[in-house]
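Q: Sequence:
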Amino acid sequence: MLYALCVLAALSVVVGRLLIDGRAALRAGDAAFASGDRALAVRHYLDAARLYVPGSASVRAALDRLDRVASAAESAAGSGDGAAADAGAIEQLVLARRAREAIRAGILGTRSFYTPFAERLTDSDAKLARLYARTEDARVDPGASIDARTTWHVARLARRPGPAILFVLMALGGFALWLGAAVAFFTRGLDRALRLRQGPAALAGTAFVVGFALFVVGLRLA
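Note that our numbering has the sequence shown beginning at 5, numbered continuously upward.
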């Protein structure tokens, strides 16, 4: 029961911190937007979107704001592609692209066994593909229409990058071994007078080092 309460308390601290930081990032984005710095606002909104807690109002609000920034910039840029646009339109297209990329990064960066706001991601990716097609150098695919280039980008954005499962399992196994070794050291490697029991202590120490190494390598390669 005590362990369960400790875990619950730790989770409450983490969740509370995420909610507080998410609201702070959202307010910072609103302040930047009000001052006219749209690029800085996008960065703060991305920070808020990444601080995900299921049901968090800050995350949803950050994604809403990013979508509004992107939509407003797309409207301001007009319908021409990057090659035919003036400097002001190009600046708006770049801003729209950054906002759409922030939506994608915020959602994909917080997925686990499910993807939050999956429908929003699909819609925003379709618009991002259009932005890529409009702003890329036409020499990449001479003669291709905007629609053809958009289709190509849609297919690429539909791919969902993910971790290497084998290395994820390695990291989890290493973490379990590392934690178990620490517990074993204090429960088996020390006697009541806190003197080392050489055999169990050495075994626990070896397991700790191996587990920590597996954990670090697994995280690095995952």
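Hints were generated in silico from the structure; no laboratory data involved. Keep in mind that a hint or two might mislead.
In silico SDA-like links for lysine to any residue, alpha-carbon gap of 25 Å or less [as the list claims (entries may be wrong)]:
1. K131 x L200
2. K131 x V220
3. K131 x R42
Pair ranges (Cβ atoms, derived) [unchecked claim]:
4. R27 x A152: 38 to 46 Å
5. R196 x D68: 19 to 27 Å
6. D68 x G20: 18 to 26 Å
7. R72 x T191: 49 to 57 Å
8. L194 x A109: 40 to 48 Å
9. V221 x A109: 21 to 29 Å
10. A142 x L170: 36 to 44 Å
11. L183 x D151: 48 to 56 Å
12. L207 x L170: 46 to 54 Å
13. R72 x L207: 52 to 60 Å
14. L194 x G20: 32 to 40 Å
15. R47 x S116: 45 to 53 Å
16. L9 x L198: 20 to 28 Å
17. D145 x A217: 44 to 52 Å
Even for Gly, the Cβ is constructed at its ideal location relative to N, Cα and C.
Q: So the hint says 21 to 29 Å: do the beta-carbon atoms of V221 and A109 match that?
A: Holds, since V221 and A109 (Cβ atoms, about 26 Å apart) stay within the stated range.
Q: Starting from the range 36 to 44 Å, see whether the pair A142 and L170 falls in it by beta-carbon distance.
A: holds (41 Å)
Q: Mind checking the hinted window 48 to 56 Å against the Cβ distance between L183 and D151?
A: Distance hint for L183, D151 holds at roughly 54 Å.
Q: Does the hinted range 44 to 52 Å hold for D145 and A217 at CB?
A: holds (46 Å)
Q: Can the suggested window of 45 to 53 Å be confirmed for the beta-carbon pair R47 and S116?
A: violated (24 Å)
Q: Honestly, do R196 and D68 meet the 19 to 27 Å range at C-beta?
A: violated (60 Å)
Q: Verify the proposed pairing of K131 with R42, using a straight-line Cα cut of 25 Å.
A: holds (19 Å)
Q: Determine whether the Cβ-Cβ distance between R27 and A152 falls within the hinted range of 38 to 46 Å.
A: With a Cβ separation near 43 Å, R27 and A152 satisfy 38 to 46 Å, so the hint holds.
Q: Using the beta carbons of L9 and L198, state whether their distance is inside 20 to 28 Å or not.
A: Given a distance of about 27 Å, which is inside 20 to 28 Å, the answer is holds.
Q: Could you tell me whether the CB distance from R72 to L207 stays inside 52 to 60 Å?
A: holds (59 Å)
Q: Note whether the CB distance of L194 and A109 lies within 40 to 48 Å or breaks it.
A: Because 47 Å falls inside the window, the suggested range holds.
Q: Range hint 32 to 40 Å: satisfied by the CB atoms of L194 and G20?
A: holds (35 Å)
The structure is inconsistent with the numbered hints 1, 2, 5, 12 and 15, although it conforms to all the rest.
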